[in-house]
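S.K.: Under UniProt numbering, the first residue of the sequence shown carries the number 1, and numbering increases by one thereafter.
By construction, these hints were calculated from the structure, which means they are not laboratory data.
Errors might be hidden in some of the hints.
Claimed, not checked - Using C-beta positions, here's what the derived DEER-type ranges look like:
1) E108 <-> A62: 41 to 49 Å
2) A62 <-> P192: 20 to 28 Å
3) D45 <-> G95: 32 to 40 Å
4) R283 <-> Q146: 38 to 46 Å
What the hints assert, rightly or not - The calculated lysine to aspartate or glutamate pairs, modelled on EDC-like cross-linking and capped at a C-alpha distance of 16 Å, are:
5) K92 <-> E57
6) K187 <-> E299
7) K255 <-> D195
8) K255 <-> D193
Just so it is clear, CB atoms sit at the ideal spot from N, CA and C, and this is done for glycine as well.
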Amino acid sequence: MPVDGPTPAGPVDGDTSLVVVTGLSGGGRSTVARALENVGYYVVDNLPQALLLDMAELASKAGGAARRTAMVLDVRSRAFSTDLAGAIRELKERGFSPRVVFVDADDEVLIRRFESVRRSHPLQGDGRLADGIAVERGLLEEARDQADVIIDTSHLNVNQLRRRIEELFGAEDARQLRVTVLSFGFKYGLPPDADFVLDARFLPNPFWVPELRDHTGREAAVSEYVLGQEGAEAFVSAYADLINATTVGFEREGKRYLTVAVGCTGGKHRSVAITEELAGRLRQSGLAANAQHRDLGRE
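Hey, can you work out the whole structure from these sequences and the hints?
M.R.: Following this line, the structure appears as structure tokens:
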């Protein structure tokens, strides 16, 4: 019998890793699919069962990102048959080692979920929600028995389910929040994807220092000038502490990319120097941080 929470999927057929996701409608398949995408899987949603073997062979031959492929099977597909367990056995007979994830939940929970979004069950026909759930349970009984990972989502929220999948199938670096510190010039507009916007215009502008005007914040002379100004050190330290304090919460809520935008007038001197320094401080604290400069070179 499968146990809840076995070892994560490992490489198969060379370095191919296959995951098959199925389970009760309303159980959380879509959340599982998104979580697998977060940790680097190529996800094929609503795949007809008849194409399961073909997709596995394509993934094996394709290489690259497709080497880690997840296939989500859904009873709403007209190509779905009752012999999912047989299709999985066929995969294994052909040399693949898929890990099967089955999401389940109590009937009462599934009914509440369908009612909350005012949707009918795909198999209820003219009957009740409970009738559709019962039919689906019968179709998936053997697949559930053969699953490698059974996750009861009755008492899990979306974020808890996502973390569960990431713990099972994601490498540590794939789950880690990645921080981009981005310099920009206010006169060119705010970066639309910024999570934090920092304003470095309170610092003296090296543009007005003739020997620094033609240089950038990536060069030592400009960087030393900017970071040596009163308030610069406190500014960088305060924001480094703030970002470090929020990253655990962002990761817990499923955020994988954080953009910290640092602006000055033209995006050439102050914001560039601050961006480089802040990204370095974040890396020293253990975050995956990189510095980028949107408007450098526009002046």
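S.K.: Name the hints, by number, that the structure is in violation of.
M.R.: The structure conflicts with hints 2 and 3, although it agrees with all the remaining ones.
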